[in-house]
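Residue numbers (my numbering), protein chains in the order written: chain A, 276 to 366; chain B, 218 to 392.
Since the hints were made in silico from the structure, they are not lab data.
Honestly, I wouldn't trust all of these hints.
[Said to hold, decoys possible] Straight line, CA to CA, 25 angstroms or less: simulated SDA-like cross-link-like pairs of lysine to any residue:
(1) A/K297 - B/I296
(2) A/K307 - B/E246
(3) A/K316 - B/L337
(4) B/K242 - A/S323
(5) A/K307 - B/L337
(6) B/K289 - B/E357
(7) B/K381 - B/L337
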Amino acid sequence: MKDSTSNQQMENSLELLNSIQKANPPEGLFLKIEQKIDKVKSNLVPLSWIKVAAAVFVCVFSIEIYVLTNQVQTTDLSELIQTADNTLYDE
Amino acid sequence: MTLAELYHFYSALVYNVALQYTQNKQDAEEVTQDVFVQVNEKMAGFRNEADIKTWIYRISINKSLDFLRARKALKRWSILSASSIDDTKVVPGFSDFNHPGVQLEQKEALAFLFACINQLNERQKTALILVRVEGMEMEEAAKIMELSYKGIESLLGRAKQNLKLIMAKSKENER
Numbered sequence: 276m277k278d279s280t281s282n283q284q285m286e287n288s289l290e291l292l293n294s295i296q297k298a299n300p301p302e303g304l305f306l307k308i309e310q311k312i313d314k315v316k317s318n319l320v321p322l323s324w325i326k327v328a329a330a331v332f333v334c335v336f337s338i339e340i341y342v343l344t345n346q347v348q349t350t351d352l353s354e355l356i357q358t359a360d361n362t363l364y365d366e
Numbered sequence: 218m219t220l221a222e223l224y225h226f227y228s229a230l231v232y233n234v235a236l237q238y239t240q241n242k243q244d245a246e247e248v249t250q251d252v253f254v255q256v257n258e259k260m261a262g263f264r265n266e267a268d269i270k271t272w273i274y275r276i277s278i279n280k281s282l283d284f285l286r287a288r289k290a291l292k293r294w295s296i297l298s299a300s301s302i303d304d305t306k307v308v309p310g311f312s313d314f315n316h317p318g319v320q321l322e323q324k325e326a327l328a329f330l331f332a333c334i335n336q337l338n339e340r341q342k343t344a345l346i347l348v349r350v351e352g353m354e355m356e357e358a359a360k361i362m363e364l365s366y367k368g369i370e371s372l373l374g375r376a377k378q379n380l381k382l383i384m385a386k387s388k389e390n391e392r
């Protein structure tokens, strides 16, 4: 009984939603939309710029790897460790 | 169709959907702008002209929900230092209520009702807004929400059930 009463109360509350009238969008809203679209467009980085930046990054990265690997090849262990030379001069 | 034509046909629809979610003129205006910016970006790839209304409805719902999520996150961030907040005890957005479609004599009652609806989860809230506020047929609402008829029916049932509890709790807290 109590449940059906509260259901009815809620239905009555929901009936209130039917009284909401449709509102019209404010004047000048389309102009604001066009301005926003222009702003979004001007903030976008062109795809060609992104491609150039990616190409530069790949080049720099490749050069870095090339230099590093070459350094490892030329660095011989014997060059790094100083060997003691105790030979006396023979005068 | 050009953007101007789409705006002419659907701006009222978008604005009213945004109003039902935000219940605030300025916020609805902002959401409407975001919707048409996205429509402008995606309309070139949109081919199915028959479903354009459903498509615009979906964008409007998603943009409204995005806006509310962002606002909620901002509010949470600003009160981070304050003591913990219990959502069930606070009726959020009550003071922001500025719905131009609501008559003055029903403003208080509808502000309370919307404050309770705002506490439902996003899907339940959307079902309720589409069917009860927008006055949409269940089939159309189901299509927009990508649900079956049974699915929207049970979602609406759960929404009403939860709304009943929220309203009872809010009234108790008011006393």
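Right, here's what the structure says about each hint:
1. Proximity of A/K297 to B/I296 is assessed by CA-CA distance (about 35 angstroms); at most 25 angstroms being required, the pair is judged violated.
2. Between A/K307 and B/E246 the alpha-carbon distance is near 10 angstroms, which keeps this suggested pair within the 25 angstroms criterion.
3. Taking the CA atoms of A/K316 and B/L337, the gap is near 37 angstroms; set against the 25 angstroms cutoff, the hint is violated.
4. For the suggested pair B/K242 and A/S323, the alpha carbons sit about 40 angstroms apart, so the restraint of at most 25 angstroms is broken.
5. Our distance criterion of 25 angstroms between C-alpha atoms is broken by A/K307 and B/L337, whose separation comes to about 32 angstroms.
6. With a CA separation close to 29 angstroms, the supplied pair B/K289 and B/E357 exceeds the 25 angstroms bound.
7. For the proposed pair B/K381 and B/L337, the alpha carbon gap of about 11 angstroms is at most 25 angstroms, so the pair holds.
Checked against the numbered hints above, the structure violates hints 1, 3, 4, 5, 6; every other hint is satisfied.
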